[in-house]
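Undergrad: Modelling step: build the complete structure from the supplied sequences, incorporating the hints.
Residue numbers (the numbering used here), protein chains in the order written: chain A, 1 to 264; chain B, 1 to 417.
Heads up, some of the hints might be wrong.
[Unchecked claim] Taking lysine-lysine and the DSS-like style, the derived pairs with C-alpha atoms no more than 25 Å apart in a straight line are:
(1) K83/B <-> K52/B
(2) K154/B <-> K193/B
(3) K219/B <-> K193/B
(4) K83/B <-> K254/A
(5) K83/B <-> K4/A
(6) K227/A <-> K4/A
(7) K154/B <-> K28/A
Just so you know, these hints were derived from the structure itself, not from any lab.
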Amino acid sequence: MRWKVVGQVRTLVRSRDLVFVWTGRTIKARYQQSALGWLWAVVHPAATAALFTVVFTRFVPVNTGSTPYLAFSFAAVVPWTFLAVSLADMSASLVANMGLITKVYFPREVLPIAAMFSRLMDFGLAFVVLGVLLVLYDLPPSLPALLYLPVVVGIQMSLILGIGIACAAANVFYRDTEPLLRLVVQLWFYASPVIYSMTAVPTSIRGAYFMNPMAGIVESYRDILLKGVAPGPYLWLSAGAGVVSLCAGYLVFKRLESRFADVV
Amino acid sequence: MMHPAVRFTDVSKQYLLGVTRTSLPDAVTQWARRLTRHSTRRASRSFHWALKEVTFDLPFGESLALIGPNGAGKSTLLKLLAKVTEPTAGRIEVHGRVSALIELGAGFHPDLTGRENVYLNGAILGVPRRQIERRFDSIVAFAELDGFIDTPLKRYSSGMAVRLGFAVASCMDPEILLVDEVLAVGDASFQRKCIDRIRELQRQGTTLIFVSHNTSLVKAVCNTAILLSDGSVAASGTVPVVIDRYNEMLEARGSALLEGARAGATHNAGVEIVQVDVLTSSGEPADGRVSSNSAVAIRVSYKAYSRIGRAEGLVRVYRSDGTSCCVMRMVDDGAPLCIEEGRGAFSVTLDPVQLAGGTYHAVAWILDDTGVNGLARGSSDWFRVAGMVQGRDADDSVFEPVRRWTSCQLSAAGPRP
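TA: Take a look at the structure:
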């Protein structure tokens, strides 16, 4: 069984052209006929962060230390949006292309993977705006800390890939995986330190709190971008979760793959 | 002994009928129900065997036709070969790169240009990007889309899109090529192009599996065939033999339906055709005993319940694929027919029969004296006509004329350049 996976990964690598081309197709098709186009990639997190700022500074003040709330929340909302939107796209990716799956053979995981990569572009754009915002707030991050950024992004991507691929496969058989995932992500949002600071979590349960891999990831983004320091030890937990997610998700997908075309 | 390109061993494919579990709450309640009832009785799930123990070998370089009525399992077999799905039982061995012309334009997106769609489609089919780049110009030329290639696909006509899809798919170097009914779309010149391209691939030694309802196309392209019916292999062998079996099957299905309808009608008309026989000059059944230059008699026996008087007789000869070979009316040839009460017969002698090698049957009509209203109909059994040359029937032609050849030299050729 293990050797079979090696061959499957090799097939996937051989199909990297297809991942690239399919990502391009998804992006072009998405923004071809829309007015805002790629600008939407920035508007979504920006509007969300702006709303949070109004609510959590005026109505329900949240303690964020010396950091202005807008920067505090935007730094977390941008990566969270990447997770939420990617997972939504990925879980729908196979069902949306059932016509293709029943006719041609190609490694099916290309579809959810390309779905995530197409959102990576949005993530990059929003990140640029985040960078501009930080400069405006006079919070330019320090260079040594920035070196950790690709690491955090990589861990987040492997987490998203594992969950997204597995949900994509499950959604073929059980169509309510998609709305269920949406619900889980919504609840997960509140369990992660996006709108509030980690300091608000009582120390007694903080250990359990960081079992949530996104908690570690979000805090790491804040450490790097707002505080200019290396991420805390919670990133190790997230890294472990990312690796497990990727391997388990891929294995689950490959086990179910042979039956996709039989369930229309 | 080298292994074949494709080997199917007792391959079966099962599909579950009925509503499949598509929601988690349903799945949970089903589990709960099964647990609480402690019953081993499965929920009423019936299944359909799309393929039943299909076994065949396909050597390298051969071209196999897959024919059969709709629902026989042809598409399922192709899907198994294309690795889109897996068999429920049995073993499939495939040696070589499989390319499928099953869905032309797979992945085509209307908002992308033709050029972008070529790269997309090629990537889906597994063609390396560099190969697409190298062949790009010949793809556009083959599809006759110069000048249109940078327009969004949604502006293309359906014919243009199909041409583009086929051009991309055929620029690969497949070792095993699967072709489904895609060639049915497109005009005659496009179909010719497709056939030429397929022939070129055959010359290069590509193994081919071809699914089509168009029997003349199948005869032109393939050398062996398999007839699938209700998921099982009903016949296999050379193309003409299998096609004849297929047509017999269709005719049997068709006439079984017609028989019931006709029986009532002819009785009301007062006369019915009892039998149509096709005989040799010595009065024996013609099947297997005649060739193109033999004499054949078609005898129509009828029974009249009352005196009808002047009537017309009409005999048509059909080939097994439904082609009408000839129409003969007694009135055209100045032969009168007068029907009295009781039994009678009329016959037409074809000397020589001049039919090309193949399987035929005769259909006879009795019409009233206006020649418009049919009173009775009957058809004969199939009869085989042997061709003039032993074993050379794989042709489309119907007529084998009585002929004489001459040749002569008209003038001396000029000095050689």
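Undergrad: Hint by hint, say whether it matches the structure.
TA: Hints versus structure:
1. As the CA atoms of K83/B and K52/B are separated by approximately 18 Å, the hinted pair is consistent with the 25 Å bound.
2. The suggested pairing of K154/B with K193/B holds, with an alpha-carbon distance near 24 Å, which does not exceed 25 Å.
3. Our distance criterion of 25 Å between C-alpha atoms is met by K219/B and K193/B, whose separation comes to about 17 Å.
4. The hinted pair formed by K83/B and K254/A meets the criterion: a straight-line CA distance of about 14 Å does not exceed 25 Å.
5. Only pairs whose Cα atoms come within 25 Å are accepted, and K83/B paired with K4/A is accepted, the gap being roughly 16 Å.
6. Note on K227/A and K4/A: the hinted pairing is violated, with a Cα-Cα distance of about 45 Å set against a maximum of 25 Å.
7. In summary, the hint linking K154/B to K28/A is supported, as the alpha carbons are separated by about 14 Å, within the 25 Å threshold.
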